[in-house]
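What follows is the residue order along each chain.
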Amino acid sequence: MTLSMLYGEPRVITVGAQVLGEALDRQAVPRREVDWRPPLPGTSAALARVLADPRREEANATAVGRMLSARPMLTGVRPAREVLGLRAGEFFHAGPPITWERASGPMRGALIGAMLFEGLAATPEEAQERLASGAGITLDSCHHHRAVGPMAGVVCPSMWMLEVTDAEHGGTAYCSLNEGLGKVLRYGAYGPEVIDRLRWMGEVLGPVLAAALERCGPLDLRALIAQALQMGDELHNRNRAATSLLVREIAPAIVEAAPDRAAEVLRFINGNDHFFLNAGMAAAKVSADAARGVPGSSLVVAMARNGTDFGIQVSGLGDRWFTGPAGVPDGLYLGGYGPQDANPDIGDSTITETAGLGGFAMAAAPAIVRFVGGEVSDAVAATTSMYEITMAEHPAYQIPGLGFRGTPAGIDVALVARTGLLPVVNTGIAGRVAGTGQVGAGLVSPPAEAFTAALDALAEA
Amino acid sequence: MNDLVEVRPGVYRDSVTLMRVSRALTERPGVSVAVVAMATELNTALARDLGFAVPPATPGDLLVAVRASSPAELESAAAELERQLAARAPASEARGEAPPRTTRSAARAFEASLALVSVPGEHAFAEALDAVEAGLSVMIFSDNVPVEQEILLKDRARAKGVLVMGPDCGTAVVGGAGLGFANVLRPGPVGVVAASGTGAQQVTSLLDLAGVGVSHVLGVGGRDLSAEVGGRSATQALRALDEDPATELIVLISKPPAPEVARAVRDLDLATPVVSALLGPGQDDLTTAAEKVLRALGREVPEWPSWPAPAGRADGAASPGAAASSGGASRGAVLRGLYSGGTLRAEAALIAGAGEFTDFGDDAYTRGRAHPMIDPALRLEALRGVASGVVLMDVVLGHGADPDPSSSLAPEIRDAVARGVDVVVAVIGTDGDPQGLRAQAARLNEAGAAVFTSNAAAARHARALAGTGCP
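So the protein sequences, as listed, match chains A and B. With the working numbering applied, the first sequence corresponds to residues 1 to 461, in that order. With the working numbering applied, the second sequence corresponds to residues 1 to 471, in that order.
Hints in this document: simulated from the structure, not taken from any laboratory. Just so you know, these numbers come straight off a predicted model, no measurement behind them. Among these hints, one or two may not hold up.
[Stated by the list, open to error] Listed next, the stretches of chain B that the computed footprint assigns to chain A, with coverage defined by at least 3 CB atoms under 8 Å from CB atoms of chain A:
1. 8-18
2. 58-68
3. 130-138
4. 178-187
All C-beta atoms in this analysis are idealised placements derived from N, C-alpha and C, irrespective of residue type, glycine included.
Let the hints inform the model, and build the full structure from the sequences given.
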């Protein structure tokens, strides 16, 4: 056999004792030093087993390859009742499955609002009683139904859903329509203005968008996201460019489809910089779902929070959830709110980080680092550190400031355990008390035990 | 008491680096104890035993425990600690760049020809596997790596066309670069495949003293020729050197191999001549193997340099090279071998025939602390405990090893000799080594030791001094 290291100049990666690296420096041998640290406590044995799994290398290449090659297209807008088969009294929510008893304030608030919106209760008190009794009520995780929802992520039959189809692998994913900021259902508010807005969205916004999309045909979200990244969005906490691009694509069709309603619909979309978020989330969901179910793969295919638990799912581990307590985000607060008002982390929007966007693409969005209380260099550092725990760089989603390097994509449970680096997550902050709404935005760290529990399960699989 | 006790979460430095920091602090006036170590169970317990109130910590945290005789001295020790830790920060950290955190990540950004892994053994598998998966050969300096991980790594490496050197591979020379503990060797025609680090260092150092250089020295790990590992890396390394036009002769060095593996390796169909040095009873010693290589190359076998114990000693011999012939006044005395190299210890024990031999480089002595070639403390302590008889030691020079072993060893030898102990030292090194072979040998010799460049000759001399066994 020919051993390439015997020919040509030696160039060495050193990991471990510095004294051995310094010996190479004294010989003027070019080298790169690894800044090695011990893995997360208690993970050594499981890591060894997972890394030794003969399926791992190929399984991960397959899984992440599917995620990166997905071509999400916005194909329609339809009622949840039709596309998700939701019946009265059935609600989907963000994050891993949760009961009313364990649900946090904003999750309860959103469920109360959904009861009122569906006409299942006349007052918030009545809604709360029925939800607490559980009679005729079914709760389930959005993720179990090819869906995602921001913040509380509550989906009920009368809501209209964005439908995103993967033109490469054929999957479909759904996400609700974005209500805007402030007092909104997804942040746990359920006042009359919230319910009125939801009614208008069901009666006007949904049908008009559906008709417009039928006219202009599917929208290529992969291309749109790629452009938005180059215009300063990271697609989780900043969606201004993506929303503008979406409006530019769809506005003529809206005008043609509903001339009488076009102005109010366009005004609503334009008034909400986050309108695109939900489309981006469905795009991320359909991409991550393409990577599910590859035996032996340690790729994270979902990260989601229900306001109480932070959960992840892993390609090689089916639909099992691995959870830890949701943390309280660290960020900036609106008006007179402060950290004491913050609810623990909530929402399915971490599907953006799962697919290589959001916190992972922070370096693309220098404008938001001030919003989350940092410097531009912090944004670059956040993205750069995520390359340490991801399997690949996204071929289409690129960051101009990093020389058009692809975003870090495809979280590897084993690499999280090895480096102790947890995914960087950008997020909004919901008020702790039901009915409050949004109180701020910031960064949050997932609980390490979700990843170590998944690693243990992989070691046994 | 003036105690500083701190746990710094997520700050990591390797054990050798931290040992140096601890030593620098302990050497300060007024500092009685300094423990700067990763907060493993062992280290935390050690600090608690010393009376420090250590808060809860995980092995991923840095533990600092310093005791000084006055608040002012404690404060200046704390300042020195910061200076030391900053000075020993990884180069990339000092440059402010985001450094790679895994071998996998480093391999993506840096076009490497191989990786050198020396993390604690239980974590070495992940880094080595990264290298193999990135298509790089890897030297695993770490010991305490489970044998099933070794086999798995070697099988994956073969499939990828790369070589796993190790685990527990102490030395290698690849393309002129000395890796691990490596003597500075001149370039030349001899390729070495070694399942024994210090064995390879002895043979190649002697060849260098005879003016013969090496093409490459490929360590394969001490277990490679065992029945379990089956010579996986040795087979690959032999084939690779066979293809290398710069290699005219191959030397295969191993601790006693499994017979069926030795047979299989011998039966490989190679175009390049192979000289084997497979240690064991009835086999050639390392010096004889080096001499065989010289003869095979048609070179003269020189007289291996040695420095007899200074005149005035009972065994005082007159001239270099004659030391081995001297007889001892300590006839019948106990012979103690205090070794840092496993193969050198085994060779010496075989030749001496009797005595108490310890390998301070063995896993049992290195768990949680540095190799004796870097940290002489345990061996010096053992020497201090010898009241009479003969002590036989090795001192291994080269890159990676103690930059000046004689500075700590010579005073201890002087004390031992004053107690009436005969000290014999085998210095394994070359004229090119950073420590300087002749300067080190001279200092040990001035302290009263008989010094040899051939471990076999040193062992014979020690045997003669002790009067044990028969030539």
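task: Identify every previously stated hint that the structure contradicts and give their numbers, smallest first.
output: none
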